[in-house]
Amino acid sequence: MPAAGTDILIINDFSIQVATVNGSGSQTANLVLLRSIFQMGIPVSGKNLFPSNIAGLPTWYTIRANKDGYVARKKEIDLLVAMNAETAREDVLALGPGAAVVYDEPLKLDQLRQDLVFYPVPFDRIVAEVCKDAKLRRLVKNMIYDGVLSQLLNIDLAQMEHALRRQMGKKLKAIELNLAALEAGKKFAAEHLVKQDPYVVEPMDKTQGQILMEGNAAGALGCMMAGVTVVAWYPITPSSSLPETLIQYMKKYRMDKTSGKATFAIVQAEDEIAAVGMVLGAGWAGARAMTSTSGPGISLMGEFTGLSYYAEVPGVVFDIQRVGPSTGLPTRTAQGDILTVAMLSHGDTKQIMLLPATVEECYTTAMDAFDLAERFQTLIFVLSDLDLGMNTWMSNPFEYPTKPLDRGKLLDQDALQRMGEFGRYKDIDGDGITFRTIPGDGMPAYFTRGSGHNERGQYSERPDDYVNNVQRLARKFETARQYVPPPVIDQAPGARVGIIAYGTTHFAVEESRSHLANDAGLPTSYLRLRAYPFTDDLPAFIERHDRLYVVEQNRDGQMLSLMRMELDPSLTSKLRSVRHFNGLPIDARSVTDEILTQEKQAGLQGARSHAVPVGPAV
Amino acid sequence: MPAAGTDILIINDFSIQVATVNGSGSQTANLVLLRSIFQMGIPVSGKNLFPSNIAGLPTWYTIRANKDGYVARKKEIDLLVAMNAETAREDVLALGPGAAVVYDEPLKLDQLRQDLVFYPVPFDRIVAEVCKDAKLRRLVKNMIYDGVLSQLLNIDLAQMEHALRRQMGKKLKAIELNLAALEAGKKFAAEHLVKQDPYVVEPMDKTQGQILMEGNAAGALGCMMAGVTVVAWYPITPSSSLPETLIQYMKKYRMDKTSGKATFAIVQAEDEIAAVGMVLGAGWAGARAMTSTSGPGISLMGEFTGLSYYAEVPGVVFDIQRVGPSTGLPTRTAQGDILTVAMLSHGDTKQIMLLPATVEECYTTAMDAFDLAERFQTLIFVLSDLDLGMNTWMSNPFEYPTKPLDRGKLLDQDALQRMGEFGRYKDIDGDGITFRTIPGDGMPAYFTRGSGHNERGQYSERPDDYVNNVQRLARKFETARQYVPPPVIDQAPGARVGIIAYGTTHFAVEESRSHLANDAGLPTSYLRLRAYPFTDDLPAFIERHDRLYVVEQNRDGQMLSLMRMELDPSLTSKLRSVRHFNGLPIDARSVTDEILTQEKQAGLQGARSHAVPVGPAV
Amino acid sequence: MSITTPEPGKKINRIGLEVQPYRGGKTTLCAGCGHNAISERIIDAFFEMGVDPKRVIKLSGIGCSSKSPAYFLGGAHGFNSVHGRMPSVATGAMLANKQLVAIGVSGDGDTGAIGIGQFVHLMRRNVPVIYIIEDNGCYGLTKGQFSPTADLGSVLKNGVVNDLPPIDTCSLAIELGASFVARSFSGDKKQLLSILKAALSHRGTCMIDVISPCVTFNDHEGSTKSYAYVKDHEEPVGDISFVPFFEDISIDYEPGTATEVRMHDGSRLFLKKVAADYDPTDKSTALKLIRDSGLRGEFATGMLYIEPAKHDFTTLLNLVDEPLATLPLERVRPGRDVLDAIMESLK
Amino acid sequence: MSITTPEPGKKINRIGLEVQPYRGGKTTLCAGCGHNAISERIIDAFFEMGVDPKRVIKLSGIGCSSKSPAYFLGGAHGFNSVHGRMPSVATGAMLANKQLVAIGVSGDGDTGAIGIGQFVHLMRRNVPVIYIIEDNGCYGLTKGQFSPTADLGSVLKNGVVNDLPPIDTCSLAIELGASFVARSFSGDKKQLLSILKAALSHRGTCMIDVISPCVTFNDHEGSTKSYAYVKDHEEPVGDISFVPFFEDISIDYEPGTATEVRMHDGSRLFLKKVAADYDPTDKSTALKLIRDSGLRGEFATGMLYIEPAKHDFTTLLNLVDEPLATLPLERVRPGRDVLDAIMESLK
Ligand SMILES: Cc1ncc(C[n+]2csc(CCOP(=O)(O)OP(=O)(O)O)c2C)c(N)n1
Ligand SMILES: Cc1ncc(C[n+]2csc(CCOP(=O)(O)OP(=O)(O)O)c2C)c(N)n1
Ligand code: SF4
Ligand code: SF4
Ligand SMILES: [Mg+2]
Ligand SMILES: [Mg+2]
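Chains as they are written, first to last, in the numbering used here: chain A, 31 to 648; chain B, 31 to 648; chain C, 350 to 696; chain D, 350 to 696.
In isolation and in its complexed conformation, chain A is listed as follows:
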């Protein structure tokens, strides 16, 4: 379908933003749109930008389709669907020249700018025709823009229908109504709109066999497969959907076949302190236990985290990060809890953090986390974020785990023999990890305490007992370097510049690297961190490059700070900072621009100022 008014076509490379009001039921239409493009074989991602509110405030849903598989947020919106009168003006004014706008005709948005393509659609009139029941119209109305887009972008209507049926399951009445709206939208567009923008969809084969999933669901699945038995949680955005999905999975797949009883306990605790307390009680008694929370919950878990560290009690904590400080922006994404979690709780403590970047890693990291928790007998923190947890991502299907569970060092006869008398905190292997017993297991009992103790777990205030114990804990943390997931490294031949990132920042970096290499002639190597403590790969990677950009989504360059704390200054002097922290997922262009700016400066000047983090924020 050649577009009138445009010379070149842009195929399978655009972003669509649908601006609506939350609680207005646009989610179905948006997912149908996303899924239909996905089904046509084009890589996509879907991101929901919603307010901290239940109904009535502006919401934006952004779909990115990209033939090369880049699914980070795209800074520019190519096609706006303006359904929300309240924000329409501002939304339109924010667009780059040449963007297209599908809008509710009465809003008269075409009067705002000359440099855009406008597609007015009389939504109310169309919906009135297809939906007799006035009460249902609000819900059906959104399906009309799907129909319009099907026509404008050349999205196969059959794929939309397929996606719709999948979405709505057995609600036949609703399906019928929505289908009618879809068709009416398409028909209206075909009859009244003249294609003037360059964006089109063409079938590809890049999504064959792939799944679409949210990170929190993937994490939940990982927890189930890791054999979690005790879950204590407290609702908080953007974490809630992890335990809530887990509940659904567990009720379906983890009821004991013979007895019909539950092989798990899931408790909505009274708050986050109780949640993590239950996790530690359960972990201490031998269960694989977890909780999931976000920033405010992390801040409340400080005291128990110190207990876990010092008394050595396992458990898993998911931190689905949102924008802080304090209540902050509960529905926006960030990587802002890195430093707080790394040194959570008073006294000398260090916490192990895992850093998934993809939905698949949410799944595998969940399993790793339980193994590491039992191996290291401490809380393991999985730091995801809102973007990963609540948005929809493509992925390869997950693999069934083949490794057995690592239950860590549980005292057995062999260990007991090597030890002589049982000492709960006796390091017979030299790796800082000691043997534990579990109530009811028939092995020697011991007394767990957050106060000073000696190798046998007895109360002690002796200076030497204390020093030995905390030095062993430091040794244990060193041992963890060998066990945590190592970074993923892509060494570009001859590259003098390196990029270091973690978590969802990955997607923008991936894309930016291609810009840098292809458009700016700056090849870069890339190291994606997957855990703290760092493995030796990190200093080695830094060593190999002249300048390295640590890209992250917080104001203070938190991961860079951790590196500066830990690594030799001769290495950290090479590190620069690229930060993005406005609550929106980081995008590639911001990264590219910032790196190029700093590269230019690097060419001009040698020395750098005192203040950390180096370099301005994105």
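Each hint can be trusted.
Cut-off 20 Å, straight-line C-alpha distance, at most; resulting in silico cross-link-like pairs (PhoX-like, lysine-lysine):
no., chain 1, residue 1, chain 2, residue 2
1, B, 236, C, 696
2, A, 236, D, 696
3, B, 200, C, 696
A few chain D residues that face chain B, going by a derived Cβ cut-off under 7 Å, partial list only:
no., residue
4, 377
5, 379
6, 462
7, 463
8, 488
9, 491
10, 494
11, 565
To be clear, the hints were calculated from the coordinates, so they are not data collected in a lab.
Yeah, the Cβ is synthetic: ideal placement off N, Cα and C, and Gly gets one too.
Once you have looked at the hints, place chains B, C and D with the ligands on chain A.
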């Protein structure tokens, strides 16, 4: 009094350790001993090493007398008073050769070693003679060792009597009984003990006009003088004596003369979360409000601290540090909360910390803290420790404050005019600090929230509002560098080596510097930090030296970590770490030995390893 | 009995203010949310009682309910704090300035779950705060999970049944020492308004649990906190007539049929008895009443318990009459002689 | 009525154990501390009931009281957690392994102040834990400050008078859903022992508030938690006779003078009535009894409330019979088909 059996006398330079059982009432005897030496003009310090227990466990009280004014803990015990059968053996075995032991005769400690001086005393027999009432003997018995020491060390008995009367106030009966015990002890020693150790006291004039005080009492006094009006606290060792002393002061000096009513509210809260919540409520409503706690309380205050940071509510938090992690060693000292406090709470947060080292600074810092809290509209953390807070230190008498209170930027007509319309978070001065109003003050009201807000304090999720606001907060933190107490610097002419320390580590460093300069020929410059954020003095000081030792009392080199995070790697590459973390106050010899060892290594090798902190722990 | 209610329009109140400064920002809660109705009653009560918004502080925790202080009394300082911790913040603020009028708004999750500890201690201290629980039996803002006030057997939209007993916040408040305890319903305009006005005349903790249906997550059949269910199962313990101190109205009741309570500020409260043994000044009968109606599957609403003369926390603490927050330097910094004396004692 | 108590010495119990594994480390509490007496009763009860220490977990918060699990049942796993949070830890542990017997020890500060929130929710969930408050009305370990169970008007050693009403933990526990609520006195060996043994036969939360004088900080004249005061003001609500399931003893009472309660494990509890209207299975009368004796300045001790058939939390959660903690991999990891099906649904 020339001592038989010793050739040289050591005058006014020794440490005495009294080993007793807690709850046995030895505190009076120990304070009388301390004070009598002090009254004779000799610099002293008294440190109580007590168990986390109420009665029945071993306790050691250590007095150091030093003619040069060095009052850090001395690593070696010169004179042991062994009253506790349970620990006597171990106490004696731990002594260095040549030390003297006064002990309860039936313990037969003289059989343990040949290289010590032993003074057996039949305490029970003596006490039975002076105290008819068997029930009182336990309390009076301790005074006997004071009498013995008076004789052995040549401490003026009149000074002991003076100290005792001071201590006991109007309890005439008790004074009489104790005096008799004192005299009986002295008499026994004169008649039965032959001086064989070299330690003696001679009057000096180095304590003229000085006071003896605990840091917590000094802090309390500072709070009262700062005009604190709302205090909310929760008991915890070693913090409790701060609010408890404050209560006493306030009841005495802060009752309104005309109405007889209180010009303050002091509340024992239900926990630390409530305590800091009350502080913020009060601070928000315009009061000078404070709480005092220790590590576990700090861990619980994380969430509210983030609220304070982000919603900009003033208050003061004293953290009297003890050994963590978790419950740790509640009655031992440490500087282990530095990193946790600096980045307390999730999201991008940074907290202002003040670091008093002396009792006088506890007093002045308390006043500074309230001024800074109101100026910066955030919680100010005063990090003291058990050693400073609960032990007895000499000091110059405190000066009456002459500065008026700094109530910070309260909106007035002038500011309102400059601003146009009142915007609670509008930065009209460019220093990141904005104007606030107080409920009931008749000025425009605003809405305080921990969620996203714009310059006017209105709810906002806009990316630009968020970024502007947190960048302003970062700017405010930068401004704080100009307001916090700058470090105290002693630049040694020509010194290539510098020492950086803070808090009570100061006393060991002072003494160590004299050892280094005089005994090892290593002159050192010294920078004592008094606050975080750092002022520009710190990088300048580092710049001026080749190698710098950061001396602190924690395992992880926490302050060094903060410096590495913040300062240019070209500077931090010069920093080494000296750490002491066994729960006892740091001593000079450990510092000296460690610095000399590292200096030797520095002479041998150039490069350093990756791991932080550099250098082994003391 | 008659109480003049102001007509809409440019009417001004006792202190000469229009209703405008009593209103707040535009609500962002769902249309039909019970919380909005409560905000309106708060506006009415403060307006009608003529409380100066500049003397009022509004505090809250986190939740849909806790957002509502932004939607009333725009002329007052507000503090939307953290989840479950409004009681401590309110306590601190009232210590700083006891002349303020504090209204705290919380939710059943904010109070009953994470905040129950601070709730207990606020009640125990009898801090002068009007403490409103906007009680919908669920966590609205996090999308409808059960809260600890959800009734046994109540059903969520997704079919999940609550199998834990509810916490009765009124019983707890009475048990713990609150001196003014009431329960109402966001849909019962008249009762709620009377209670709020009476609360403004009381000095001490006024704990008001207001059932406030969540239309989005908990207003369906099977929920015991839906509009329909609450309307059917509300059992008012008796009529409330409130006569503010500034109105000179006499109320006639047959002797023995009503309890007259004289409030702190001179206002009078007439509580008509429904049951003969109902005595709102006696803890045991109040508690029994609540329990008994609960056993019948109903909930008692109205003034459940009142102890008008009980000392509030600022009185217990013997605070000076002026706000602590603004005492001048000379009243909060002892003189040089005091420091000298202390120094002398340490020499 | 007769219950055989074991003589001291090498006597072995029902499961063939001597008393040794029921003892713990040497106490480091003050000589005469009430907490020590409670530890002794715990040792007796577990020994006499023949509970295998290897099946027992001991949990606590922080305080002198919370140290005491180190001083009994040395053969059991112990967990001295953090201040006020034992309830959540105990809940987690019992979810992990519901076959364990949990005894939690707390103090009145640990429970009444910082821990009251978790206390409320443990009671509400009826988690199977024997929850003992060693109640001395003060914070022993931090040197004697008032706790929230200190009575109005009680005086500290330093003369400070408590002016806040006490929290009655028994009333709260009954109100909130605990199914076994008792109050005793550390000095009342016989009563405390019977209660503890009965608790070992109950499935659900057993909340036992034991007045336990602090000899160091709160045992003086003017304190309402001193030995002398408690002895004078204790009002037992009736004799308790406990017949364990493994003993075949018949107890005779005149009809109507005692309530017989059949426990979860088949043991029987006979509660002699002191007052005619005392019914330990009725919440309202139990609450009234506590309140009334409180108004008289006395405190009721004994079995205050019991609901033997109430479902405990693990039952509510419908857990499999085996401990969750040790379920084998094949029971906790769904098969490959499950993953495949889920993946398919996401394509
Ligand atoms: C520490 C913390 N945990 C969790 C949350 C998430 N959260 C926000 S509101 C809320 C519950 C609100 O329920 P309720 O108090 O009943 O108010 P409602 O929305 O029903 O009016 C929760 C759990 C939070 N903001 N802070
Ligand atoms: C978070 C925290 N805050 C404060 C403390 C200090 N602390 C230790 S024990 C205790 C109170 C103990 O009182 P209670 O529970 O009544 O026990 P008791 O010593 O009287 O038996 C407190 C406040 C602590 N350990 N942790
Ligand atoms: S979700 Fe429920 S509680 Fe929240 S605003 Fe909507 S109706 Fe009200
Ligand atoms: S201080 Fe009190 S509670 Fe603590 S051990 Fe001593 S007597 Fe017992
Ligand atoms: Mg609610
Ligand atoms: Mg106690």
